[in-house]
Amino acid sequence: MSNSYRGSAVVRWVNDRLPIFTFLDHQMRDYPAPRNLNYWWNYGSLALVALVLQIVTGIFLAMHYIGDARFAFDSVEHIMRNVNYGWLLRYLHSNGAALFFLVVYVHIFRGLYYGSYKSPREILWWIGIVIVLAMMATAFMGYVLPWGQMSFWAATVITNLFSAIPLLGQEIVAWLWGGFAVGGPTLTRFYALHYLLPFVIFGLVFLHLWALRTVKSNNPLGIDVRGPQDTVPFHPYYTSKDYFGMGLFLLVLAGFVFYAPNYMGHPDNYIPANPMVTPTHIVPEWYFLPFYAILRAIPDKLGGVIAMAASLLVLFVLPWLDTSRVRSARFRPIYKVIFWFLLADVVLLGYVGSQPAEGIWIHIGRALTAYYFFHFLILTPVVGKIERPRPLPQSIAAVVLKGGKA
Amino acid sequence: MAEHGTAAVHTGETRRDFLYVATAAVSVVGVGAVGWPIVDSMNPTADVLALATTEVDLVPIEVGQAITVVWQSKPVFVRHRTDQEIAAAADVAIEDLRDPQADGDRVQKPEWLILIGICTHLGCIPIGYKGDFNGWFCPCHGSHYDTSGRIRVGPAPENLKVPPYTFTTDTSIVIG
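Protein sequences appear in the order of chains A and B. Note that my numbering numbers the first sequence so that position 106 is 106, with each residue one more than the last. Note that my numbering numbers the second sequence so that position 100 is 100, with each residue one more than the last.
Just chain B, same shape as in the assembly (with noise of 0.2 Å):
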């Protein structure tokens, strides 16, 4: 049996290899075609995924003011720009931005700026009309977004995202 096994070994491939092979094949695919329901069961379920859409009233928020809504169990800042943040936020140089993008290209109205309030480093909430730029600064690890919600200093990669949503009236808005 061993003389046999040896002899086998020596004289390279087998068919008792192929048996290995086979054997190792099919435990991989049966693993595979449990494998991925058992990792799918771990994504947003159903409910979760119905979209769900929030409108908003944007009469009462007055030039100056922001308030944050919860679209998708997530937080959205909508604010209501003053001239002087809409000046600020196109005087900028496009360029030298880390995540070059024009305000224009942000808003639908200059007046009315909407963003997912979570910052694009780890996820913490930023804290408005706060930090160098005015816009937002992010408390965690110390980003500064801009008042279109660009990120210029700190350890964010990008800008604060823009959610889609749609202008039902002049005065409202539903988001998603």
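Extracted from the complex, chain A is given alone in its bound form (with noise of 0.2 Å):
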């Protein structure tokens, strides 16, 4: 086999050694895609370019950036005032993560709307739930080492929702902050889990590419390939659609980066952090925005710190919540306009989140969490079973000789 491989002496030399050529042939060249895949089929790749992105900033903001809560607002300055192009790689770093959320937000509403969390793809489907969890906590706790008055306050409320947990609530908060309130110890911590997370997500990223090898890509159709006819080889078809993805993407990146690189953030956080005054308003950055607004919205505190994580947690089990056969909402006409109910309700709760927690808010935002769940715990099921679904294609081929016209 490994002889058989093209390419110069040295080259075949390795491969003979480590079929690494070989590997990376069957995973980027030749693995066969459906044919069909639209601009949506984009946002896993920019998912991986964003990644990439984080990481490598954030190593060299690392090389001057300082662990330690008396130093640490400072040594942020430092790298935007002193270090050469340290501003470039802290508005990349910040806006990136910003833009990292969007790309897998995007992916994510992907995979609802083409079902590509159904069966046989359940286990990928899990993986990138982990993975989003994991991004949650690292930028969480990325957010936290400017050491800002939002930093400080962020991690006050974050961490203290553990204290929501009973019995051990205030052991484990004390646990976490390795003191009596958050302050030193907390943020040296924070700033090793966030060097280590990353690479955690790597490793995530990798076994979701496993699982996606074994169970092939989802398709606009949601049907399974059947042959050769109906695939492309991954290079050049997708490896040039996926550049021309990631060239719009880092357009979107420089704009921000270049012309409003604090857009996304909030002038708070130059206030060096204060543990005696909590500033007047305080919102989280805007990816996090519909889950506040889930967490507010019940007037309890354990139960809004469980509504929150059950927003997340009800995801995993919707492969079994979805009662539809059919995966593609192109073919369910019910699914498809709840589909777009659900994206409203999303977005719509993260402006509620945006806004102070009172008077006409809290209705709104109590309204817009009950529908989240009602879409997932009631409409998905009885919608899977009550629905028509419009006739299937033949195959993937017959679509696309006809015109892509489903």
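Each hint can be trusted.
The following residues of chain B were derived to be distant from chain A, with all beta-carbon distances above 10 Å:
hint	residue
1	Asp17
2	Ala66
3	Thr82
4	Ala102
5	Gln108
Under the rule of at most 25 Å between Cα atoms (straight-line distance), these lysine to any residue pairs were calculated in the SDA-like manner:
hint	chain 1	residue 1	chain 2	residue 2
6	B	Lys130	A	Asp300
7	B	Lys161	A	Leu167
8	B	Lys130	A	Pro275
9	A	Lys385	A	Ser119
10	A	Lys241	A	Leu37
Source of the hints: derived by calculation from the structure; they are not laboratory data. Only a predicted model underlies this, so the values are computations on that prediction, with no experimental measurement involved. Every residue, glycine too, gets a C-beta built ideally from N, C-alpha and C.
Fit chain to chain and form the complex, with the hints in mind.
Written as structure tokens, this is what we have:
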């Protein structure tokens, strides 16, 4: 097998001892991908680009940042003012984190629309959810590192979520803090974990791709690949398509970095952390707002924490809550409608999360939270039962050769 | 080999199964023994635990005034209550409260209210002389506390905590 590999004598020598070139060919060159993937399938590779960008910029920021509460804030200003291109590294890192979430959220909703979570892709879906949870932990701890007012109080509010755990809550929180309040030990351990977790995510991405290569990509029709006529090799068809998407992604990132680097941040975070004063209006970064709105919708501390956790954990059982055997929403007239309602619900929850917790916003937040769970726990199973799907096409090739209209 | 293996599986437990369980048990005990020191290393360190006390001189605090002092890196409110505030705190149907507690159980001397200034919801610091009950108001998620520091409206589950303190003289206290 290995001596059949093409290329120079050196390449063959290496490949005979470690078949890395054969492996890469299988994964990225010859890999048969469905020939009908649309642009919504760009977001997986985009997420990998964003992850690599975060790791690279992060490693170089770590060479200048100091993970000690006495020096952390000043070291960030040092990066901004003294370090060569420090401002670029930091703005790429902070805006890159936000766009990473945007890309991953689109990726998730793509999966929801085209039924990518359904058999046989349940474990692929699960690994994806674990990646999102790890991303949230990483982003939260990264947000604490500049040690400004928003950093400090975000750390206080989020770690206090664990105090809602019955019986051991206070002990667990003191353990997380390494003290009686958020302080120096908290910052230093968050820095250690913030450096570790991206590599854990990288490992999870490897598992995600392994599962993907095992069950193969879903596609906009949601029907299985039946043979070579339904696929094209990954390279050059999807490498070029992914590169084009990457170019657009980098344009958007550059737009933020060079023209509005603090657009998604909060001015209060340029005030050094003060444990004695809480800012009057604290809000998390935009990518946490829908979950923050769910937390605040429940007028009970433990209940709010449970609801917020459940809003993500419900995705684990989604493959079984969805009773329809048809994957793609293209052939599901009712599901297609409730999908857009869910998306609108999540966007509105995000808006409510950005508003103060008073007056009409409390009621709107409760209604939207109720609808979120209604969608997954009631609508999804019921629609799967009562809906009459449109007839599925014969094959991917048949649809593509007819001009792409299903 | 393969034949022997399948035969063993069909006849139930084997000595090989015992070895699997024993190997796993050794690993669990080993990881547990090393794991606890690692977990415990994240707990508050000895210097943090060395209990600090904070002394407060009450003389400069006028009636209707409150100060914030730091005890164990937490803010503590020391409030010299007015007669109206004491009356308002006493004039409450205790059974209607979320965290029922009489005002008298929360103070040693009615005019001195001493509280840990951390909202019991998610740990923000409430703002004094604000809110529907003129006690404290937490800006983060809208909890209203009364003039005894008891939760009245909002998401917080419990009253503001009273720290351990003693009057060393009539006009000074030691917290902790």
